[in-house]
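Peer 1: The residues making up each chain are set out below.
There are 2 protein chains.
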Amino acid sequence: MIEPGEAIGLVETQRAELFTAERPLLLGSGRQLAPVEVAFETYGELNEDRSNAVFICHALTADAHAAGHHGDPERRGWWDNLIGPGRPVDTDRCFVVVPNLLGGCQGTTGPSSIDPATGQPYGLRFPALSVRDLVTVHRRLLEHLGIERPMAVVGGSLGGMQALQWALDYPEEIGGAALICASSRLTAQNIAFSAVAREAIMRDPDFNGGDFYGRERGPELGLALARMTAHITYLSEEAMRQKFGRRRQDPDAPPVEPGVAESDFDVDFQVESYLRHQGLSFLDRFDANTYLYFSRMMDRFDPFSEPEAFQRMKQLVTRFLVVSFDSDWRFDTGHSRVIQRALARAGAQVSFREIESPWGHDSFLLEIPEYHRTVQTFLNRLLEEQ
Amino acid sequence: MIEPGEAIGLVETQRAELFTAERPLLLGSGRQLAPVEVAFETYGELNEDRSNAVFICHALTADAHAAGHHGDPERRGWWDNLIGPGRPVDTDRCFVVVPNLLGGCQGTTGPSSIDPATGQPYGLRFPALSVRDLVTVHRRLLEHLGIERPMAVVGGSLGGMQALQWALDYPEEIGGAALICASSRLTAQNIAFSAVAREAIMRDPDFNGGDFYGRERGPELGLALARMTAHITYLSEEAMRQKFGRRRQDPDAPPVEPGVAESDFDVDFQVESYLRHQGLSFLDRFDANTYLYFSRMMDRFDPFSEPEAFQRMKQLVTRFLVVSFDSDWRFDTGHSRVIQRALARAGAQVSFREIESPWGHDSFLLEIPEYHRTVQTFLNRLLEEQ
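Protein chains in written order, with the numbering used here: chain A, -17 to 368; chain B, -17 to 368.
Because the hints were derived from the structure by calculation, they are not lab data. For each residue, glycine too, the CB sits at the ideal point set by N, CA and C. Careful, some of the hints might be misleading.
As the list claims (entries may be wrong) - Per label pair, the in silico range of CB-to-CB distance:
{"hint": "1", "chain 1": "B", "residue 1": "Arg230", "chain 2": "A", "residue 2": "Asp266", "range": "33 to 43 angstroms"}
{"hint": "2", "chain 1": "B", "residue 1": "Arg355", "chain 2": "A", "residue 2": "Arg229", "range": "40 to 50 angstroms"}
{"hint": "3", "chain 1": "B", "residue 1": "Glu336", "chain 2": "A", "residue 2": "Arg323", "range": "24 to 34 angstroms"}
Stated by the list, open to error - Sample of chain B residues lacking proximity to chain A, with all beta carbon distances greater than 10 angstroms (derived):
{"hint": "4", "residue": "Ala16"}
{"hint": "5", "residue": "Ser33"}
{"hint": "6", "residue": "Ile96"}
{"hint": "7", "residue": "Gln293"}
{"hint": "8", "residue": "Met295"}
The shape of chain A in the complex, shown without the other chains (with noise of 0.2 angstroms):
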């Protein structure tokens, strides 16, 4: 348990503004973007070798503020039982950078920012995304801050195909890097999911092609709808049944006949109001178009697949760690196995873990302790390396 006075304190957000016109950011597709303006921020000291960065990728849906607070020390970065002083991402020997990805809505120039061609916010004209987007945006993020080489990257979900993606492309750069509960290929179940979530939002009648921004009403019905489906699949089964079983909302509501009125249909169980309160709350910090943007993106993620991937692989220094939980059935113990098989035919030095835990893939988030043991002695090892 984190122990009073162990937590970050009071923390801000960062802003660089890291392509501009004259040094426009290069995607993959081969289209230029600039300005890009990334969100992050850091915590701990850079030591003298500037050896000892740690960095962090985030999910789908999270942002830069990964630890401490913003002045409400009750409300706390998504990551603060992993980040702090004696914690597994140790602040008091690592200098830990966490930005926000571009694409994204919380700092970093996504679809909802300003076009400079028109003046009016990207929307859907906002390039195509890919992973290897994102990790040119972190390297350029670690250049701003004068640091040539991470000690290590470490990311859940889609923040662990992130730190896959740049240990595969820059092998000598990376001293190690921890995915967890993260997949290199997506399976069609999952690709499924997107497409339900996708579907909800471009056919919201107020999505207007991506163009909702100051007008009244944008895609929220669709976007909340998204967020409840994904957030079903973010819990195992049991996980629920342990936070809501068939508990009715109204404990005094009739045992088994139903009543007759037209809110028979609102909510009943504990679980409908909690998923209705997960899609609502998350209207207010997620934009929809950068849900289409990240979701594809995660569809299409396939780095095996590429021809010279194995080629480069031969030259993997970099230390792996992949974690999976046990109930996880987002990206279960399957995805983690073969991102470990490949990585090993290839010759690098992997540690696989499956750890077990009820809470499915939110487990990540979690403070569960040999899950963070397994991180924590993956980077004490690295930190004793240098």
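Using the hints, position chain B against chain A.
Peer 2: Coordinates of chain B only, in the frame set by chain A:
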């Protein structure tokens, strides 16, 4: 495989007004409903002592047209592989009865029917339903056909839930009950998927509080999304992998780096095209209000929780067959085990079979030899004991 000549030929859907203003349907909620018309089909001949009736209960979205065809031999009933001469439900030996459910939208009175009190469709003024109410209508249909005691009741998914409720409420009345991939109690995850479907329908701007009949647009968006999401849960991950894998809709699409186009978020992978088709084709045949009523009815179904259920179960003479499929994650084998154990504890005769099949929940609709043999053996034994 089905040999030519074995299948049932032309069949017709019949209709009967089973409840009238003079003799209304009394629902479990205390409300009355009249008139109630029921659409049904029958196959085979009732024998002299009226002892060879097999009653088929359909699942959430099916109808009375279970076998044979309505004029186009290529378009056959949804359980045509199970029902017919020489098939597991053998129409050479059995008289098969299949109604559309109360609350349905395929010929039986439901939310889209005219409320005689107003002259308008019921919409959400249709009374709330329980599985027990469906059984009340089934029993009246048998009375109408001059049958006191069906030899067997057979149903998959929601159909199995009806068969279970029927056997629990009228233990002396049913010779055998085949409960195929059924549940006696939905999990929080099951309810969560239902909740997202209902949100999609009810928050559709064209839902109009359920009064969308005769208007230019109804909640097609919401209903299609509900169907798409549900469809993912009807197939196993392995079934989706085998059917679609990561195949692209356009095989000449670029392999990894995405192109840049507004249509980038439109259908790309085959599984997306398939799901969209499932969603859209559903609109032609299903009513969004029926979806609400049936999904809520399933959420609330929990017959073993009734204090009197175990008392009644002591009188059970029904023979039960409980079947699950190992890849079904909608109602997995755990659901069937709960049913089997509760029935066995009450002293009922229960055979339980988990069938190997990669096709998930939808397996109950497929011609899987071990499954079909199991149903055939069960019904043959009941026939021989006549």
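Peer 1: Next, verify each hint and record whether it holds.
Peer 2: So, going through the hints one by one against the coordinates:
{"no.": "1", "hint": "Arg230/B x Asp266/A: 33 to 43 angstroms", "in the structure": "holds, 36 angstroms"}
{"no.": "2", "hint": "Arg355/B x Arg229/A: 40 to 50 angstroms", "in the structure": "holds, 41 angstroms"}
{"no.": "3", "hint": "Glu336/B x Arg323/A: 24 to 34 angstroms", "in the structure": "holds, 30 angstroms"}
{"no.": "4", "hint": "Ala16", "in the structure": "holds, 16 angstroms"}
{"no.": "5", "hint": "Ser33", "in the structure": "holds, 33 angstroms"}
{"no.": "6", "hint": "Ile96", "in the structure": "holds, 19 angstroms"}
{"no.": "7", "hint": "Gln293", "in the structure": "holds, 16 angstroms"}
{"no.": "8", "hint": "Met295", "in the structure": "holds, 16 angstroms"}
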